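Enquirer: Starting from the given sequences, assemble the full structure and let the hints guide the process.
Chains as they are written, first to last, in the numbering used here: chain A, 1 to 283; chain B, 1 to 283.
No wet-lab data here; the hints were simulated from the structure. Since the structure is predicted, the reported quantities are computational estimates derived from the model, not experimental observations. There's no promise every hint is true.
Put simply, identical chains are the same to the list, so a pair is met inside one copy or across any two.
[Claimed, not checked] Calculated cross-link-like contacts (lysine-lysine; reagent style BS3-like; alpha-carbon spacing at most 25 Å):
1. K202 - K174
2. K202 - K215
3. K174 - K215
4. K233 - K246
5. K59 - K276
6. K202 - K157
7. K24 - K147
Protein chains: 2
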Amino acid sequence: MSASDGGFPSFELGKPLTGYGVAKILDSTHPNYKKGDLAWGFTGWEEYSLIVSPQILIKIEHTDVPLSYYTGILGMPGMTAYAGFYEICTPKKGEYVYISAASGAVGQIVGQFAKLSGCYVVGSAGSKEKVDLLKNKFGFDEAFNYKEEPDLTAALKRYFPEGIDIYFENVGGKMLDAVLANMRTLGRIAACGMISQYNLEKHEGVHNLALIVWKQIRMQGFLAASYYHLYPKFLEMALPYIKHGKIVYVEDKAEGLETGPTSLLSLFTGQNVGKKLLVVARE
Amino acid sequence: MSASDGGFPSFELGKPLTGYGVAKILDSTHPNYKKGDLAWGFTGWEEYSLIVSPQILIKIEHTDVPLSYYTGILGMPGMTAYAGFYEICTPKKGEYVYISAASGAVGQIVGQFAKLSGCYVVGSAGSKEKVDLLKNKFGFDEAFNYKEEPDLTAALKRYFPEGIDIYFENVGGKMLDAVLANMRTLGRIAACGMISQYNLEKHEGVHNLALIVWKQIRMQGFLAASYYHLYPKFLEMALPYIKHGKIVYVEDKAEGLETGPTSLLSLFTGQNVGKKLLVVARE
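Expert: In structure tokens:
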């Protein structure tokens, strides 16, 4: 996603789609890359890409995990989860953590980080299938289908009778209002995305912001791009967890470049489960 | 102001009004206080107060400044400005600072701190008199009357063509939306108050929050109460500035307890200029 339209992601007809991908180097004049190297980073939705800014690529050094993981848990979504949870949310053992869009590429990782940190973790998602995944596969303490909750504030009160210390925000709008009403003093909100708002002509109003003052809440937006200096530290932590099955990861693969547009739209209708991934080519 | 009503300040008929005041100790069984000592802190709107929780009082050690300053620049509003600007906003020389409700007790101090830190400072207020004060007395680089600006986003764009690094938020609602549209990447918002919202039955919606993500903005609510451990450090900095006239301070005094209710309401109609102060008794 680009942020060229005054900060909001946009897709324009006729402009090439870009995104995070895994690629094999076919030819290179850059000293860090030679033919056959693998890399992940910002590439195109295309079979062959000419990368003129190699600073948006990271070389893949560990190939004993599925390469597709570098579009997800070991790539931008993984760094997003890592930076957002550890750097922004500054979690403490025993804290109450809520994650919206929790079965998505980032949410599922954040939830598992939170469990590994000794937190109580609740996630929300938009289907029974996703809720089951959160509870049974990702080890969330609780999960609920937000579409079945007419009163989100009351739902959160039920899952967090003591309030929420940490909110990992992927949704925005009404969900954020409900969360603010349930936040504890000195709570932290990592603002990772507000996907409920992107396709609205006018974004929903958030009415409970004054609670940020009284509850002394810190709400912080962030992009993984600002934290790539921590990538080696992140790999050092995440790789052993993945290899020993302490962190699991679910992908939602679509095959073939021609399925791209449909796959992308599924993100906004809630049909995808896990990291949406487009397989352009196999070796 | 109390925050007993779910976090929002409220005043109830029949309940005593509390607030920050300066008091002389008439009698004390507490080892830290003896008859004749001066203190500031959370007292009542009354001529004589029984203080049962002395942890909400701070003893006055420096009496070579006006005692009323301990309800303001050397009291809670001063600590609010200090904590909000230095601890939350983490200012750097040359940054662009915007302050709403800038002629108020806190805003006028923040603006002067920002100038002393080498920042470019613009404030807004609700009358020509206040705007003049900001520019001519408090040394703001620019100031404007928000009531004369039909388009706040455009007004801020005019005053901050390069964008805003730091916003000291006293207002909320539409002003916050206009600020978010003008914030720079990695900007900081110290959420000190949202006075435009307190007396509304339903708070205005804020629509531009998704910009917090893309611009990686940190928005943090805070209360001076959490920062009183820094009070000695604050005094060490502020007292010399005040004594040497490097920081000036404007008070809006009302005389007599019976004028209290009218004085309080003037805060919400924009009639007051500077720190609103009620003189209950003189020596």
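Enquirer: Could you run down the list of hints and mark each one as holding or not?
Expert: Here is how each hint holds up against the structure:
1. K202 - K174: The answer is both: 14 Å in one copy and 14 Å across copies each meet 25 Å.
2. K202 - K215: between (28 Å within a copy, 19 Å between copies)
3. K174 - K215: Close inside one copy (19 Å) and across copies (21 Å); limit 25 Å.
4. K233 - K246: Classified as within; 17 Å inside a copy, 47 Å across copies.
5. K59 - K276: Intra 22 Å, inter 61 Å, cutoff 25 Å: intra-copy only.
6. K202 - K157: Cα proximity of K202 and K157: across copies only (21 Å, versus 29 Å in one copy).
7. K24 - K147: Answer is neither: 41 Å inside a copy and 59 Å across each miss the 25 Å cutoff.
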